[in-house]
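J.: Residues per chain, in single letters:
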Amino acid sequence: MFNEGFLGTAAPSIADLILLLELAMGAGLLAGAWLARKQRFQQHAWCQSAVVFLNLAVIVLVMMPSFQAHVLPKIPAKLGKVYYSLATAHGILGIAAEITALYILLSAGTGLLPERARITRYKTWMRGTVALWWVALILGIATYARWYAPHFFKA
Amino acid sequence: MKNRNLRVARLAAALALGLTWPTARQKGFTADAQQTVSLAEVKIDNFSFSPAVLTVPAGTTVTWTNRDDIPHTVVSSDDPKAFKSKVLDTDEKFSFTFSKAGSYPYFCSVHPKMVGKVVVQ
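Residue numbers (the numbering used here), protein chains in the order written: chain L, 97 to 251; chain C, 10 to 130.
Just so you know, these hints were derived from the structure itself, not from any lab. From the three backbone atoms N, C-alpha and C, an ideal C-beta is built for every residue, glycine too. This list has only true hints and no planted wrong ones.
Not the full set, but computed from the structure, chain C residues with beta-carbon under 7 Å of chain L:
id	residue
1	PHE56
2	ILE79
3	VAL96
4	HIS120
5	PRO121
6	LYS122
Simulated pairs of lysine-lysine, DSS-like, Cα-Cα distance not exceeding 25 Å:
id	chain 1	residue 1	chain 2	residue 2
7	C	LYS52	C	LYS95
8	L	LYS174	C	LYS102
9	C	LYS126	C	LYS90
10	L	LYS170	C	LYS90
11	C	LYS102	C	LYS90
12	C	LYS95	C	LYS109
13	L	LYS174	C	LYS93
14	C	LYS52	C	LYS109
15	C	LYS52	C	LYS102
16	C	LYS102	L	LYS177
17	C	LYS122	L	LYS177
18	C	LYS52	C	LYS126
19	L	LYS177	C	LYS52
20	C	LYS52	L	LYS174
21	L	LYS219	L	LYS134
22	C	LYS102	C	LYS122
23	C	LYS52	C	LYS90
24	C	LYS126	C	LYS102
25	L	LYS170	C	LYS52
26	C	LYS52	C	LYS122
27	C	LYS52	C	LYS93
28	C	LYS93	C	LYS126
29	L	LYS170	C	LYS102
30	C	LYS93	L	LYS177
31	L	LYS170	C	LYS93
32	C	LYS95	C	LYS122
33	C	LYS109	C	LYS90
34	C	LYS126	C	LYS95
35	C	LYS122	C	LYS93
36	C	LYS90	C	LYS122
37	C	LYS109	C	LYS126
38	L	LYS170	C	LYS122
39	L	LYS174	C	LYS95
40	C	LYS95	L	LYS177
Using the sequences and the hints given, assemble the complete structure.
T.: What follows is the structure in structure tokens.
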């Protein structure tokens with residue numbers, strides 16, 4: 097976990113791996129959206145479900161422990177620093193996107209939710225979630241750059 | 010009468026303690042002053058520890074100071090870990106006293122490229 101990374105930045109290998117995985121997941125969601133447009137709903141469901149559950153595992157196993165160790169002890173006192181504010185914004189929006197995505201999966205793919213708690217306007221919810229996901233992803237890329245490649249930020 | 014004797018005895022004890030306490034304190038102070046305490050510093054800046062290798066006598070307290078504009082940690086590479094700092098923000102410090110001779114490699118857990126070593130003689 098604490099080995100040197102392979103992308104040429106100061107990041108550990110796990111951070112490099114997660115960055116590439118998250119980019120692939122972001123692309124996967126877009127591919128899943130394209131499948132829905134092509135009326136291939138079964139494949140669309142499998143694609144989006146795989147991305148959402150893989151992301152859930154990454155959040156629980158890697159991102160939350162890292163956030164707890166490196167960011168949580170410094171907030172709210174140091175939120176004025178880009179280093180912490182980027183990571184916090186990424187964390188909040190990322191969790192929101194993941195929870196919304198899980199809610200859509202539960203609503204669309206299972207009968208677990210009561211009728212009145214289910215979504216009716218799927219397209220709006222799904223498009224909104226993909227947009228939120230990508231905002232969180234872009235903030236994640238910015239967080240990676242600030243933490244591990246700070247020369248990008250120096251004048 | 011017994012109560013009066015008890016009060017006198019208490020007063021005498023208090024006076025005796027009061028007279029001897031400064032002497033005892035001075036002895037303690039002298040004993041503390043006779044111990045040689047060594048201090049050494051490592052600066053964290055621009056994604057590196059400086060000096061990267063620090064040689065010190067046993068009993069030295071090494072202090073790492075983060076002069077970088079981003080957070081770093083100081084974590085022993087040994088297993089079990091001899092020392093581990095919290096995340097050090099800019100200008101925050103971490104100290105550890107090396108009591109035993111040996112070689113103590115360490116790294117930054119946020120940026121594992123950053124490595125250093127303390128050699129205790």
